[in-house]
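Colleague: Using the hints, position chain V with the ligands against chain Z.
One-letter residues, chain by chain:
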Amino acid sequence: MSKKVFGFFNKQKEYEKEVLENGTAARYSGFYADSFKRLKKNKMAMFCAIVLILIILVAIFAPLLAPYDPTYQDYSAVLASPSLAHPFGTDEYGRDILSRIIYGSRVSISIGIVAQVVASLVGVTLGAVAGYYGGVVDSIISRIMEIFQAFPDLIFAMAIMTFMGKGVLNLFIALRLLTWVRTARMIRGSVMQLKEKEYIEASRANGASTFWIITKGLIPNCLSTIIVMVTLGIPNAIMYEASLSFLGIGIQPPTPSWGNMISAAQTFISYRPVYSIMPGIAIMITVIAFNIFGDGLRDALDPKLKS
Amino acid sequence: MNEKMSQAPLLEVKHLRKLFPAKSGFLSKEKTFIKAVDDVSFTLMPRETLGVVGESGCGKSTMGRSVLRLIQPTSGEILYKGQDFMKLSGADLRRVRSEMQIIFQDPYASLNPRMTVGEIIAEPLNIQKKYSSKEETRDHVVKAMEVVGLNPKYYTRYPHEFSGGQRQRIGIARAIVLEPSLIVCDEPVSALDVSIQSQVLNLLKDLQSSMGMAYIFISHNLSVIKHISDRVMVMYLGHVVEMAKKTELFSNPSHPYTQALMSAIPLPERHSKRKKIILQGDLPSPANPPSGCIFHTRCFMAQEICSTQKPELKDIGGGHYCACHFCGKCQQGE
Ligand SMILES: Nc1ncnc2c1ncn2[C@@H]1O[C@H](COP(=O)(O)OP(=O)(O)O)[C@@H](O)[C@H]1O
Ligand code: SF4
Ligand SMILES: [Mg+2]
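Keeping their order, the protein sequence lines are chains Z and V. Note that this note's numbering has the first sequence beginning at 120, numbered continuously upward. Note that this note's numbering has the second sequence beginning at 14, numbered continuously upward.
These aren't lab readings, by the way, just hints derived from the structure by calculation. Treat the hints with care, since some could be wrong.
[What the hints assert, rightly or not] Computed list of chain V residues with no C-beta within reach of chain Z, every gap over 10 Å: (1) Q20; (2) P22; (3) L81; (4) I115; (5) D119; (6) T310; (7) C340.
[As the list claims (entries may be wrong)] Once the Cα atoms are required to be at most 30 Å apart in a straight line, the calculated DSSO-like pairs of lysine-lysine come out as: (8) V:K258 <-> Z:K156; (9) Z:K156 <-> V:K327; (10) Z:K314 <-> V:K100; (11) V:K288 <-> Z:K314; (12) Z:K160 <-> V:K147; (13) Z:K159 <-> Z:K423; (14) V:K166 <-> Z:K423; (15) Z:K156 <-> V:K94; (16) V:K142 <-> Z:K159; (17) V:K100 <-> V:K142; (18) V:K44 <-> Z:K423; (19) V:K258 <-> V:K327.
Predicted model only: the values in this text are computed from it and were never measured. Glycine included, every Cβ here is placed at the ideal spot set by N, Cα and C.
Chain Z with its partners taken away, still in its complex shape:
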């Protein structure tokens, strides 16, 4: 019975030309490749992607790019105005501001990206497990999330920093303890909705494994939610780092971060505005680029928005 049945209807020859040569079947390479094609058409998002790649490269190659050691103090040039030797001038200890901004990108980018990715992994995993399995597992995870959500973000981070002491790792923890909950809640909701969908049932009816259902059914349909959370979470984390450092409980000098630079510069804001403006611009460009790129990525991942 098998094979033959389709044989009766086999008009493949006629279609061979149309579908396999001229048609799109031959060119189609899967959901992610297709999404990337859509993303490439979005000029603004691609521009921001390039900006972000440049910022990341700057962070990685900071020692090669920075003209000075960011902690080198030149007392002959304290609070110097921009010049050829110091394009953005120097700070109150005679340190080169350009070099400090270049090194500061390391803190901001690593805190932003690494921490947000870790938080998202935790959030997505816990949210997906709670949503997919439900029952007792869901109750336990949900209660934990409620505890975390009961505190205002910044106060919570400040409390942790004060309690655990200052330092990059602690800052990491303080920021991450906040954001995984939001991710987890979103993903839990999406997964609970999605797992009831009939196309998931159709996969199960064909004997699909849990892994298959999660990777083919759930993740692609949650992906835009996850992407938006991550890309908007990164600038959010960068802002938090800046706020905490500005308040003096984040990254401690002499290690440069964009936040603690603005904090130090505020005393001299009228005398040497470039000192506070430059790290501010760095934060702004990074945050805006992440936001626009995130929006573009979300649109690209949604086939419904295909023009």
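Modeller: What follows is chain V with the ligands alone, placed relative to chain Z:
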């Protein structure tokens, strides 16, 4: 196919039950259950279409999904080609699953919006690892699209670009691509325009005659059931109340509930003498079904005995089963 082979039943379902835990009172320890499917038994022959009809909420979908173990039945036996389907697991279960498929009611929720038509139809082939090469899989998908009347040039389109009827064809292509022996069709045309319904029904009929699969065809619409079924099972509150060959059931409906359902079909003949039977009361809750005959709260024929004694589903002649104390002793609409 060999005649003798086709005499062996494809599927035997015995005393299938599915209880859903119901939300009970906040502090009450007492557990209550929704008896969505209660003691359902039937046999399905290869190439046969068993129509399942009943009001919304009577357990048709739960029954159909339980048979495929998409919902784990609470108890009962399912024999597929003689083997105990309930006991299968792992690779054996996956292999048998390739022979059983389902077509859903909602043409929107049943297709993954992030997959192209080609990927959706290829999914069963990929899950079952049917072909090792992408080209073979693609060729097979193109053929399946052709069989259900979809132009293969839509291979890389996404489901949202199609109408309900076309989407249902995509769902059908996905169901037939592994050339199954059994398809559960859960209200496959209920969400479609009436003009499209008959096209899809005829497609299902054509596919059955060329590919030879059996259908469990669920619908709340008796006209649709009449069009497609060989045999019909009437369900009420999770129970089978009547089951017979289509012609027998439609010419001689014996259960008062079936009679009531039939009296509600609009007749083409103008001068029909038939009276519409209006059922009293509401559908009782499946969490707390009536005692005795589950239909007695709404039955126009109910007697004393009906509220105390449960009527058995018995053969009233020639494979016509009916669960009523007064089967065959009544006239329609009396
Ligand atoms: N997952 C579930 N949990 C609890 N009750 C359910 C569930 N699915 C169905 N039910 C209940 O079981 C009964 C039968 O539902 P269903 O099989 O969908 O009926 P039908 O398909 O005939 O409309 C209904 O009372 C419904 O509320
Ligand atoms: S057993 Fe009684 S209540 Fe039930 S269907 Fe028959 S007549 Fe009606
Ligand atoms: Mg249903």
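Colleague: Decide, hint by hint, whether the structure agrees.
Modeller: Status of each hint after checking the structure:
no.: 1; hint: Q20; result: holds (17 Å)
no.: 2; hint: P22; result: holds (18 Å)
no.: 3; hint: L81; result: violated (6 Å)
no.: 4; hint: I115; result: violated (5 Å)
no.: 5; hint: D119; result: violated (6 Å)
no.: 6; hint: T310; result: holds (32 Å)
no.: 7; hint: C340; result: holds (36 Å)
no.: 8; hint: V:K258 <-> Z:K156; result: violated (56 Å)
no.: 9; hint: Z:K156 <-> V:K327; result: violated (64 Å)
no.: 10; hint: Z:K314 <-> V:K100; result: holds (25 Å)
no.: 11; hint: V:K288 <-> Z:K314; result: violated (46 Å)
no.: 12; hint: Z:K160 <-> V:K147; result: holds (28 Å)
no.: 13; hint: Z:K159 <-> Z:K423; result: holds (16 Å)
no.: 14; hint: V:K166 <-> Z:K423; result: holds (19 Å)
no.: 15; hint: Z:K156 <-> V:K94; result: violated (48 Å)
no.: 16; hint: V:K142 <-> Z:K159; result: violated (33 Å)
no.: 17; hint: V:K100 <-> V:K142; result: holds (23 Å)
no.: 18; hint: V:K44 <-> Z:K423; result: violated (45 Å)
no.: 19; hint: V:K258 <-> V:K327; result: holds (15 Å)
Hints 3, 4, 5, 8, 9, 11, 15, 16, 18 from the earlier list are contradicted by this structure; the remaining hints agree with it.
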